[in-house]
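Sequences and hints are given; from them, build the entire structure.
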Amino acid sequence: QKWPLWALEGGMEGERRKEEGKKERKEGRKEGRGRKEGRERKEGRKEGRKEGRKEERKRKEGRKRKKERGRKEGRRRKEEEERRRKEGRKERKEGRKEEEEWKEGKRKKERKKCCIALFILLLFTRFWLISALYGLWWAFDWDTPSQGGRRFSCVRNCTLWRYMKDYFPITLVKTADLDPSKNYLFGFHPHGIMVAGAFVNFCTEATGFSKLFPGLKPHMMMLNLWFRAPFFRDYLMSGGRPSKESGSCLLRKKEGGNIVIIAVGGAKEALDARPGAYTLLLENRKGFVRLAIENGTALVPVFSFGENELFDQVENPKGSWLRWTQECLQKIMGISLPLFHARGIFQYTFGFIPYRKPIYTVVGNPSVMKKHNPSQVEVDKLHKSYLEALCKLFEEHKLKYNVPEDMHLSFI
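Residue 1 is where the sequence shown starts when you use the UniProt record's numbering, and the numbers rise one by one after that.
What the hints contain is simulated information worked out from the structure, not anything from laboratory work. Computed from a predicted structure; not experimentally measured. Treat the hints loosely; a few may be bogus.
Cross-link-like lysine-lysine pairs, in silico, DSBU-like; alpha carbons within 30 Å at most [as the list claims (entries may be wrong)]:
no.	residue 1	residue 2
1	286	384
2	72	54
3	318	244
4	331	93
Here it is as structure tokens:
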């Protein structure tokens, strides 16, 4: 059957449209897939950028940590090298100090023997009469140091002491009035290396002791061995420094007006004297408390701010061979031998001249004692009260004299 031309053309047109529709749908699906793939690629690029940034941050943190570790390691190595250099310098310095201290100790011993040697040598010269007469005087005057000694105002008022006072300088601080009709016992702290505050304030008139405490005579107790040297014993007594045996003799005088000063920590405390140290050898030192009670004498705490700042001392911790040697010598000779150093005359790095650091000696309030024969319990109780009074005196004045607020006294 033959179809008309128009029918054939219409069928072909429909087929063509059908094909175009399929093609359009196919292209639409392709475009949809393309958009989906585009979105996926876009998301992938975003994820890639995020991962890249994360990796970059990790690399930066890694480099930063590595750099910080390097800096820390460098600082540690530098500190270790500096510490080793310091230790080396310290060891060399201590070696030089020990040698110098040994030489200085030797010179001191030689100076101490000078008076005895002079006394003996004069016996074999044409001036033998001087030694002979002094020998007779010495025998006659043997007990004077243990009976309060004798003082000369010209020695106490010597101009030299004022220069010594101005060198540091040294100041005597009064916190309470003292009755000149009574006797007093001063507990002086700390001992320091040379007890400079006690010497200038109580053995001379450089700081005006007699003006601050009129009618009172200070007596600084000294070890008995210092009075075994001829001539030197007379110099000691001329400044008001009797032997420690004279303490009871002075405190028993009924007319009053006497002050007995005791450096309670003694020679042993000098072994711990160094800048910034506030440790006192006082925990078991109770003899001075018993002495005050037995004589009915008021006990007065005295603290000398700056006393330990005058000299550096070679490290001598307890248990070290140096400390053991010093303690053995102290037991044998009665005096300690601290290895100290400070400044020189024309330089400030090394020498045996004390540093120019101010000293403020503060005299506290007296605590009244009843005269009786105390038991050990009473001595312990009053000793505890004395420690509390000393701590109170220190706490009240430490900020005035450049002591850190967190610094406190400790007792051993």
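These are the hints, each one checked on the structure:
| no. | hint | verdict |
| --- | --- | --- |
| 1 | 286 - 384 | holds, 10 Å |
| 2 | 72 - 54 | holds, 26 Å |
| 3 | 318 - 244 | holds, 28 Å |
| 4 | 331 - 93 | holds, 28 Å |
When held up to the earlier numbered hints, the structure conflicts with none and fits them all.
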